[in-house]
Amino acid sequence: MAEETNQGVWGLVIDLNLCTGCNACVTACAMENNIPWVGEEDAGYGRSMSWINMQRYWEGEYPEVSPSYQPVMCQQCGRAPCEPVCPVFATVHSESEQINLQVYNRCIGTRYCANNCPYMARKFNWFDYAYNIPEPMNYYLNPSVTVRRRGVMEKCTFCVQRIHDGQENARAQGRAVIDGEIMTACQQACPADAIIFGDMTDPESQVSQALRSQRKYVLLEELGTQPKVTYLKGEGYYGG
Amino acid sequence: MSDSISRRRFLQLTGLGAAAAVMTGCGPASRYVVRRPYTDMPEYARLGESTYYATTCTECPAGCGMIMRTFEGRAIKAEGNPAHPVNSGKLCSRGLTAVQGLYNPDRIKGPARRAKRGEESLAPLSWDEALGEVKTALSAGVKTAFLLGLAPDHLYDLVSELAETAGTAKPVRYGALGMFEARATLVEAARQLFGEARFPFFDVAGADLVISFGANFLETWLSPVAYTRGYSQFRRSFGADKARGYFISFEARRSLTSGVADEWHPVVPGSEGLLALALANLLAERGWNLPVSSVDPAAAAEAAGISLEALTAVADRAAKAARPLFIPGGQALAHSAGLEAARSILALNLPKGTLGQSGGMSLSPAAADAASMKDVQALVDRMNAGQVETLFVHGVNPLFELPAGLNFAGALGKVKRVISFATYPDETALQADLLLPDHSALESWGYQRTLAGTAASAIAARQPVVVPLYDTRSSVDVLLSAGLLPYADEVEFIQSRLLPVLSAGGGNFDAAEIETFWARFLQYGGWWSAQGAQPAAQAAAEAAQPVQPQSLGEGKFRLVVYPTQLGDGSGANRPWLQETPNTSTTVMWNSWVEINPKTAEELGLHNDDVVLIKSDAGEVEASVYLFPAIRPDTLAIPFGQGHTALGRYAEGRGCNPAEVLAPVLNAAGDLALGDTLVSITPTGRRRPLSRYESKVGVYGEH
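Chains A and B, in that order, give the protein sequences.
Numbering of the first sequence is given in my numbering, commencing with residue 2 and proceeding in unit increments.
Numbering of the second sequence is given in my numbering, commencing with residue 122 and proceeding in unit increments.
Any given hint might turn out to be false.
Stated by the list, open to error - Now the stretches of chain A that chain B is said to cover, found in silico as 3 or more residues with beta-carbon under 8 Å: (1) 37-43; (2) 50-62; (3) 130-141; (4) 193-201.
What the hints assert, rightly or not - Derived lysine-lysine pairs resembling DSBU-like cross-links, with alpha carbons at most 30 Å apart: (5) B:Lys363 / A:Lys234; (6) B:Lys537 / B:Lys264; (7) B:Lys264 / A:Lys234.
In case anyone wonders, no lab produced these hints; they're calculated from the structure.
These numbers come from a predicted model, not from an experiment.
Cβ atoms here follow ideal geometry from the backbone N, Cα and C, with glycine treated the same way.
Chain A extracted, bound-state conformation (with noise of 0.2 Å):
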């Protein structure tokens, strides 16, 4: 694999201090993976599909209660609890991107990874929602992200058809790829710009800029899982 020259470590920052809670970035990452709605029932059931989401809590009592937001996607762990537990290897880690996958084809929806991910980032698809979608609603499913069946696990990929697309660009043009050349579907849709995507060894670019913040953080540090997701803290009354 000597041959193999796509550069990065592949990191991702979410600044709480700018973040407002206003979910553009589950619907953009819905509408960029193919995710499928199920539906009121199932919703209920804690069925939904949505790779991310928005946590909230609140703390203090009325009338000085106050809600913390935090977008949760896969951490893209570097000892990523899922990965072991798997018995037909469907969720491994990549040599190219230094990102978590799920391979489809290989999943045979044991759940295993799920119960072991601390984040409860991954999604089961319980029953053929994208196959269910009416015509012609379906005409918008993105031809670069597969739609997943049934007892299949799916979760966050970083977006892992843009990075192709945006290396491919560059090699084609015969450059390295840009900083914030490449933007996850989330960091693209967010409003507020707090959300950070970028190449974690490249030390001037946004990500590892911010990464050198004193307000950073990560999800459940003490179990070393070492994520890719990184959160800087809310500086005010409010966040983190």
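Put chain B on the given structure of chain A with help from the hints.
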């Protein structure tokens, strides 16, 4: 192939070029979108590659620039237009789901005649017959009325011109978002203060302190994406140059916007004007040049339900701020004393001298033309008096969005011919005699003036990103077909309206003649000038009259009705908007009643108990949600659900709180919906809400 290339690399290389981002408009000569075989594709469309079109989001009247990724003739993904002055490449949930509107399986697929209003069965109608009906209708002069949506677009301009030349009635505009934001009140207050009836624009990005009076500017208020972008800059700190902005919110419930505030003061709805006057007095004591009124800050704080210390602390902080902003939102303005409140709050922006500057307030250059409930009421009166023979409805769903107390349904019964241009089978289309479906916004031409999302002058362009799916026709072309106006087609009309802009120059591009202008206009997604307008601060110096908030009777609660990502309710047929959880409550697919847990305990109410909410005007039923951040004397219901039509994703879920709103207007002609008082009665039934949050451990029940 060289042996050194792995299979993976080979696959990656063969995919080369798939990401080439070509942004292009249709050619300058194109007018109508035509289907072409793959063998004869336009040169910018290549198989296996995405084509990107710049257009304008029409999901709310803000007019954000959108770039639609299309692939082999299908619209795939909506993205923001990075060059657009309103949204700079960003979009909200509503814009992102625009394709679920375009490809909605419940769209009206062609013109039709309804034998009996309210019944779903339709008789087919040819476009020739339909155009004949339109021509007859338009010849009736002033007996022909138009009810349009809030968007300041080319259709509104055309109908206005029709009113001038053909003598039809002036178009009436309405939208639920305008009602919640009390837009006419805001514009009227700006007119009284500055002598110009324009929307104010608040430069949140440059401010160091923002004080919001019930403005949900991070959710739906005026131009939410533009304001969220501003908020993002406001919250950043750059070393010694700029400190993180401080945000204070006065609002009865801790909305999403108030949720990120550094300070939240749960005030009595309707007391905001009084608070602003009290704040003015406190600031005048601290050296601000503000007219002093008779309001006693201690009494005002008590009437608003907060402590005097808290109010004084706000005044101290405002006095120290270099560029404070005071934003009057819909919850402060949609009251009977809303106009006084709007003036009092806007006036607080004057003394610092930041008008038209960074971190200050300015007036949007476009004429506001804010539609108010008074106009709708006048239309209803004319309909009831039998003065309307034909009513054309476009871009608005009055039977869902208007307060039931206005009895629009009854007035509609007195109109001989109701013609709906609706794209979706909504409640009003169900009561229309003729359905002449317009193209969806992503299939049609147009322009839209930007009103409130930027201080600069901007006209956003709309162009088809896909071939029309069904036998629909542009409403502008339908109206032009009567031959009353000298335009051959829609594009000619739009171009004629762009000519003044072309000759004015000074925008994001230059063009010598209209063909070039048109091509660039479509390619950039619109025209915008770099220069913002500065308000002439005439500033009427008098303080507004203090008005006390409405008193609360025994067993009564104040009611906050607020819009969500479903907007004016038209978003309810987008399944992903339904399933995107409301951030504060995480509820999906339904309506709920927010109630303070303490009040709920006193009333013996639990989560998911179905309650009856009753006002003098009507009643609705919904499940209880124990919401920890709402005043104990206030209830809140989100708007947008409760559809009886609008297709499979919208129908039969939740309740429509417009049914409990009484048709009481304020001085500017907006609905005083904030004055609604309601009672709450348990029905003894339970209906669990679908929520994303875990129910275990929430206030001890599940």
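Each hint, compared with the structure:
With 5 residues carrying a beta carbon less than 8 Å from a beta carbon of chain B, the stretch 37-43 of chain A meets the three-residue requirement, and the given coverage holds. Figure legend: the stretch 50-62 of chain A, annotated as covered by chain B; annotation consistent (6 residues with Cβ-Cβ distances under 8 Å, at least 3 required). Only when three residues or more bring their CB closer than 8 Å to a CB of chain B does the claim for the stretch 130-141 of chain A stand; here the count is 7, and the claim holds. Requiring three or more residues with a Cβ within less than 8 Å of a Cβ of chain B, the coverage given for the stretch 193-201 of chain A holds, as 3 such residues are present.
For the suggested pair Lys363 of chain B and Lys234 of chain A, the alpha carbons sit about 19 Å apart, so the restraint of at most 30 Å is met. Between Lys537 of chain B and Lys264 of chain B the alpha-carbon distance is near 10 Å, which keeps this suggested pair within the 30 Å criterion. Between the alpha carbons of Lys264 of chain B and Lys234 of chain A the distance comes to roughly 61 Å, so the proposed pair goes past 30 Å and is violated.
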